[in-house]
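Residue strings, one per chain:
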Amino acid sequence: MQQRIPDRPDESIDLRKLVVYREAVVTEAGEAPAQPARRASVAAVIRNPWAGAGPSTDLSSEQARVAPVLAKLLTDRLITALGSVEEIESFGKAAIVGTAGEIEHAGALIHTPYFGNLVREFLQGESIICFADTRAEAGETLIVPLWHKTHAATRSHYQTISARVADAPCADEIVVIAAASTGPRPHPRIGDRTTDFAVTTETLEEVPS
Amino acid sequence: MSIRKIVTVVEEIRTEGGRDVTRPARVAVVAAVIGNPWAGQGFVEDLAPGIDANASELGALLAPAVLDALEAPAEAYGKAAIVGLGGEIEHGSALIHTLKFGDHFRKAANASTLLPAVEKRGAAGVVFDIPLKHITDATIRSHHQTVEVRIADAPHPNEIVVVLAAAAQGRPQQRLASLSTEQ
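Which chain is which? The protein sequence lines are A and B, in order. Under the numbering used here, the first sequence has 126 at position 47, and the numbering climbs by one with no breaks. Under the numbering used here, the second sequence has 96 at position 106, and the numbering climbs by one with no breaks.
Keep in mind the hints are simulated off the structure, nothing from the lab. All C-beta atoms in this analysis are idealised placements derived from N, C-alpha and C, irrespective of residue type, glycine included. Hints should not be assumed to be uniformly reliable.
[Said to hold, decoys possible] Derived DEER-like restraints, expressed as beta-carbon distance ranges:
no., chain 1, residue 1, chain 2, residue 2, range
1, B, Gln164, A, Glu166, 35 to 45 Å
2, B, Gln163, A, Gly218, 20 to 30 Å
3, A, Glu165, B, Glu78, 42 to 52 Å
4, B, Gly76, A, Thr229, 41 to 51 Å
5, B, Arg165, A, Asp271, 55 to 65 Å
6, A, Asp137, B, Lys110, 42 to 52 Å
7, A, Gly218, B, Arg165, 18 to 28 Å
8, A, Ala179, B, Asp10, 19 to 29 Å
9, B, Glu172, A, Ala108, 51 to 61 Å
10, A, Ala250, B, Gln173, 36 to 46 Å
11, B, Gln164, A, Ala250, 18 to 28 Å
12, A, Glu205, B, Glu78, 46 to 56 Å
13, A, Gly109, B, Gln173, 46 to 56 Å
Construct the entire structure; sequences and hints are all you get.
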């Protein structure tokens, strides 16, 4: 299905509001990080395209129409919030579906190529994008995981950001979130796969029970 | 002053009450999570030295940041101080209820009214509402509004979250009669 991403997305996706959250760590545990990172999330509150539809409803046409618009809108705002796409090192995604919807509706907007592939492309990543999703009342906090956009196993970049919109989602809405970071955790020092000791029950002298 | 992190939140409302908002309504919030200057000192009678050492610097940091985040002239504004559980509300009030703090925002926004405020003590992740009023006439009813904020990991017991908020307009779909119609 070939569709242009519309210039003015509001009406095409029934957008109620956008919330951009950004934090810049200055010090952590009393010391400035060697590589200070900025983290951001962008949340779009839209009407659930399938509100009121039953579980046999085919989700494919609406997900192909709505998800690309969200991918463009959210990544544009993320890049603006964090400076440039080159500075973004980690990414993640999430959705909170209102109580009148199914968790499958959240999945339809973030777990298909119409969102994930485009977010990855816009943020110049290669990794699978890690995620969180839930169904909740307005004001729920969702902790969004992030990992490295080109090397997902990079342990220094395992981190999370809390996303919350005070008055969303209403029962018939979905909050769709993209999140990113410009660097690692403030003081990463738990090694990596390249430095790990091979830990098995055999190599440990004693496994606590 | 020891700053742990700076948090920026921007809300942009496109529809309200089921109708488009003519111009997307923007509200920006910038918060500095700082160490409580009076932490660990017991009951400090004279807060003036701590105020002198921090309030102006905080105002100078936050005022341009919140206007940058808003990306538009401010028409309404407000402030907040959220004190961690190890401190007194008086510590937060000390930092924001002084002209040394607020004048930076008034000057940057060409404003003249007092900044409405919330002062609160709470655990990290506490939710707080910042009241905003018009920047030159606090009786302009269309601009009375609030913005809700939460920072997941702040304030720690020995921290204070100091916040400025600005709105580029009144409430979306504001349509109440002005105060003068009832006087």
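Quiz item: Is the distance from the Cβ of glutamine 164 of chain B to the Cβ of alanine 250 of chain A consistent with 18 to 28 Å?
Solution: At 26 Å between Cβs, range holds.
Quiz item: Taking 18 to 28 Å as the hint, is the beta-carbon distance of glycine 218 of chain A and arginine 165 of chain B inside that range?
Solution: holds, 26 Å
Quiz item: Taking 41 to 51 Å as the hint, is the beta-carbon distance of glycine 76 of chain B and threonine 229 of chain A inside that range?
Solution: holds, 42 Å
Self-check item: Hint check for glycine 218 of chain A and glutamine 163 of chain B - Cβ pair distance inside 20 to 30 Å
Solution: Holds, at about 21 Å.
Exercise. Starting from the hint 42 to 52 Å, judge whether the C-beta atoms of glutamate 165 of chain A and glutamate 78 of chain B obey it.
Key: With a Cβ separation near 45 Å, glutamate 165 of chain A and glutamate 78 of chain B satisfy 42 to 52 Å, so the hint holds.
Quiz item: Measuring from beta carbon to beta carbon, are alanine 179 of chain A and aspartate 10 of chain B in 19 to 29 Å?
Solution: Distance hint for alanine 179 of chain A, aspartate 10 of chain B holds at roughly 23 Å.
Quiz item: In this structure, is the beta-carbon distance linking glutamate 205 of chain A and glutamate 78 of chain B contained in 46 to 56 Å?
Solution: At 51 Å between Cβs, range holds.
Quiz item: Do glutamine 164 of chain B and glutamate 166 of chain A keep their Cβ atoms within the hinted range of 35 to 45 Å?
Solution: holds, 38 Å
Quiz item: Is the gap between the beta carbons of arginine 165 of chain B and aspartate 271 of chain A within 55 to 65 Å?
Solution: With Cβ atoms ~58 Å apart, the hint holds.
Quiz item: Between glutamate 172 of chain B and alanine 108 of chain A, does the C-beta distance stay in 51 to 61 Å?
Solution: holds, 55 Å
Quiz item: Per the hint of 46 to 56 Å, is the separation of the Cβ atoms of glycine 109 of chain A and glutamine 173 of chain B within bounds?
Solution: holds, 55 Å
Quiz item: So the hint says 42 to 52 Å: do the beta-carbon atoms of aspartate 137 of chain A and lysine 110 of chain B match that?
Solution: holds, 49 Å
Of the numbered hints stated above, none is contradicted by the structure.
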